[in-house]
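**Q** The lines below spell out each chain.
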Amino acid sequence: MAAAPKINREPSFRDIDRSVLRVMEPAGRAYWAWVGFCFTLVGIAAALWMRQIYSGLGVTGLRQPVMWAIYITNFVFWVGIAHSGTLISAILFLFRTKWRTAVYRAAETMTIFAVATAGLFPLVHLGRVWFFYWLLPYPNERSLQPDFRSPLVWDAFAVSTYLTISALFWTMGLIPDIANARESATGWRKTFYTVLAMGWQGTDRQWRHYSMAYLLMAGLATPLVLSVHSVVSWDFAMAINPGWHSTIFAPYFVAGAIFSGVAMVMTLLIPMRKLLGIEDLLTEWHFDNLAKVVLLTSLVVSYAYITEAFMTWYAGDPIEQMTFHMRYFGPWGWMYWVMVLCNCVIPLLLFSPRIRVNLRALWVITIFVNIGMWFERFVIIAGSLTANFEPSQWASYRPSITEIMITVGSFAWFLGLFSLFCRFLPIFSMTELKEGIVWLRKALKMDRVTAA
Amino acid sequence: MSTIAIIGSFADDARCANAIEELRAAKVGEFNTFSPIPSHRIEHAIGRKKSPVRWIVLAGGISGVLTGLAITIGTTYEWRLNAGGKPLLSWPPFIVICFELMVLLGGIFGFLGVLGLSGIPATEIAPGYNGRFGEDRFGIVVRCDEAEAARVESMMRESGAEEVVREGV
Amino acid sequence: MSTNLQHADHERAKPQAVESVAGATMQTVAGAMIVVGAIAFVFALVRGAAAIAWQAYLVNLLFFLGVAQGALVASAAFYLTQAKWGGSTPYRLGEAFAPFLWVGFFLFFGLYFGRSLIFPWVTHPIPQKAAWLNIPFLFARDGIGLGVMAAASFAFIRVSRSDEARAWTVATDDIALPPHSIRVFAPLVSVLFAVVYTLISFDLVMSLAPVWRSTLFGWYFFGGAFWSGLAAMALVATVLRGRLGEHNLFTNPTVMHDFGKMVFAFSVFWVYLLFAQYIVIWYGDLPVETFFIVQRAHHMPWSPLSVACVVLIWLIPFTVLMSVRTKKTPAILGTVTVLGLVGMWLERYVLVVPSLSLDAIPFGPTQFLITIGFLGAFLISAVPGLNRVAQAATSGEPVGDDVE
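Chains as they are written, first to last, in my numbering: chain R, 57 to 508; chain G, 135 to 303; chain D, 272 to 675.
Hints listed in this document are in silico derivations from the structure and should not be mistaken for laboratory results. Be a bit skeptical, because a hint or two may be false.
A few chain R residues that don't get close to chain D, going by computed Cβ distances all over 10 angstroms [as the list claims (entries may be wrong)]: (1) Ala-371; (2) Tyr-384; (3) Phe-477.
Straight-line C-alpha distance at most 30 angstroms; calculated DSS-like pairs for lysine-lysine [said to hold, decoys possible]: (4) G:Lys-183 / D:Lys-532; (5) G:Lys-184 / G:Lys-161; (6) R:Lys-498 / D:Lys-532; (7) R:Lys-330 / R:Lys-501; (8) R:Lys-498 / R:Lys-348; (9) G:Lys-184 / D:Lys-532; (10) D:Lys-599 / G:Lys-183; (11) R:Lys-330 / R:Lys-348; (12) G:Lys-184 / D:Lys-599; (13) R:Lys-348 / D:Lys-532.
Just so it is clear, CB atoms sit at the ideal spot from N, CA and C, and this is done for glycine as well.
Sequences and hints are given; from them, build the entire structure.
**A** Set out below in structure tokens:
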């Protein structure tokens, strides 16, 4: 692809368009090789899933008492990743944060694909996938209805609502940009964009309704974000398992979700910035601010770990204390300490303003954060199940090749879809970048963010 | 007298808003604006009422809550399952469902409302539309009698229009 | 938005000289309130009603410390979110109640004298928890916590009042970060707040029912304290609006709108934290957890008070402040915040007192007068801060050019 021009520190509207639209030019072989690689992995995972559907869940490592392990970990992990997008697009919009404009589209796209990936896992986890619709209320002759007092049903509603609303919010944001892209496109792309843009012309009437709807959708999406990961956490907190039954789960999981999600945004955007040549749109200032969000949520997560540890001791329940003892010092204790290192210790580096603008360091730190957060879910979910109330039931768990490949496949699915999006639809919101052009110019001119 | 369209193109929204105010004061006829970004200055200059989208969203939210109540209460009555001794109509779980449906229907109604009110999907291109209005120019299209044309054009030029073009309708 | 710029120009015409807003009358009244409260307290002790006196003392200490600290943390949060929607005034407003932090610090040690009537585990020690729930350790850790908190808060205030910081708050169209000292103290104060107030809530509220526990309790408590600080700030803004002459910051509807939005949003956050605890405890149905909620929300005589708390802190602000117009109407915002603060006081009461006196609601003239006493102490310590707020609000600073 075309080499990136020297960074233009005073971009105009047209410069923004050029930078963003240039990304959507036909791609080279390296790109298609990467996409092909991703979807090959997806294919392998799909084949293994077919085998699992045919043979049953016995091909996994799931055995009593650990009946929820990697699949559910992945589910919670991906829903968590999804939250960053809505935080950035909706919540920061309500706060009128200026640095959000450059990252919001990529983050929101991540949300859609992450929720789509997450939504696959309850299906993967069902032995008889074809009965998934039993989770939804529909009239039937046997008067069977989902039990609305079960958190799993709340989950079905919450995650579907989240997927729908995110998709609608994302689509709404895309329409003006696609209309812009349609003007300079040629060939089949022009038809594609013309259809998608639905005739948007940016008239005052259209912008008036759009602006108000955008604000309202942001206002709706904000409590939705809080509720979705709370509902997911309640899949565990509603049980009376030690290590699961804890009131702090809801906001703690939400903070953890934002933590892993924003880290994933950075993990993706930092290489993208170089690969796609968009240094003039995505500055160190943006990453500095994203890093601060990561730091804040890391502190919240650390607070939760310490509170849980303290409360376990304080409550004096011997079973709970035993479960936590196993969590810290049992056979899987190494996972817990890896998690603490990745989630609590390494992000402390982000207190340093120098590190917050060092993109290489940020990339490494955010990868650690994602590893840590994956382990956190696994430690909580499978960890609590291995050492439960009955010592005679204690057992360990080892993932089978099916589970491992499906996990790898989920990452490939996510990255593959995201990569496709980057080339075919605008990965940055041209509209919002233009709205925030004054701030963008200031950010480009700031040499060191630390200069105050 | 035939109606013609006069298209003025501006480099920034302040000048465009200026021109709109003058045009409104002069009451020269219908006009349409195009802009690449939503602009409060322009919205303020045009001075229409707030969008009714908020009522549509509110209606959606309320329907969501009612649907949630209907589904949860209805299905629980249909199959009276004893779930851990919880009361049949337990409000904490039902609140969660009602909340989710409130957001879902509020959002869906809002989205459809925007599409409907904005007239999209639109199959016709509004007269005077030019690709540059999606890129970096703000445009005003005035439909007026030929007699008024000169006045309109001079108003636009005074407000700083880069380009003023006349087109037959 | 363009109105903001015009308004600012108008204001910049002449900074008005403002006579002291928290003047002699207020100080005298507040002083009288303190005296009355102290007398009621001592009288109760002497009369043999020491238990209710100490209960009232504790409830008021928790409430007013929460308001003062919450407001200060709001100022720190404004720096962290680079808020410039009101110039320097919101910062002064958050810092206005800070002197009470030292008052509260000293009053905290007063609890020592009522320890056997406040902490059930003093008269009935619990061996497994004795390493944590013992008087020397509790007073040491909470005392140090409150002391460090107050010291850090004042260090923060000192850098926040510097010329550099003030210049930053009115530089509305710049993306530079706040001065370096702010970038140290604002996060420090915020983190300390979460930690210290979690500790306070565990020690002074949760330990009153030593068998009970809820991991979210600390967050819930300091979340409520933060909200009460915001509500107090909004209330002061609506009151000062009328008293500061024609062109003060609080006559700017956008500023009032922002206060209203914060009161709205954090009241929703509070009810979320409440619900998160409620639903987990309700669902698990473990007696060791449920008794606490059942005592307060499901049994008379406390259940109407619990409902009242939710109505005052969440339902009223949520329904009334949803529309833009009501947020910008000072009379409405003022009423909602007054009701909300009463609700938060009631909430502290409902958290603390049923653990100490379950069957009847002890509330009579003694408790009322002690509350008045604390309110007087709170008001007196806010006098210099409020005068600074008045000064900032009438100084004609330009306010943020935020597009709505």
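**Q** Against each hint, give a clear statement of whether it holds in the structure.
**A** Here is how each hint holds up against the structure:
1. Ala-371: At about 5 angstroms from chain D, Ala-371 of chain R fails to clear the 10 angstroms cut-off, so the statement is violated.
2. Tyr-384: holds, 17 angstroms
3. Phe-477: holds, 29 angstroms
4. G:Lys-183 / D:Lys-532: holds, 23 angstroms
5. G:Lys-184 / G:Lys-161: holds, 22 angstroms
6. R:Lys-498 / D:Lys-532: At roughly 28 angstroms apart (the allowed maximum being 30 angstroms), Lys-532 of chain D and Lys-498 of chain R satisfy the hint.
7. R:Lys-330 / R:Lys-501: holds, 19 angstroms
8. R:Lys-498 / R:Lys-348: holds, 19 angstroms
9. G:Lys-184 / D:Lys-532: At roughly 20 angstroms apart (the allowed maximum being 30 angstroms), Lys-532 of chain D and Lys-184 of chain G satisfy the hint.
10. D:Lys-599 / G:Lys-183: holds, 19 angstroms
11. R:Lys-330 / R:Lys-348: Given that 30 angstroms is the threshold and the Cα spacing comes to 22 angstroms, the pair holds.
12. G:Lys-184 / D:Lys-599: Between Lys-184 of chain G and Lys-599 of chain D the Cα gap is close to 17 angstroms, so the pair holds against 30 angstroms.
13. R:Lys-348 / D:Lys-532: holds, 24 angstroms
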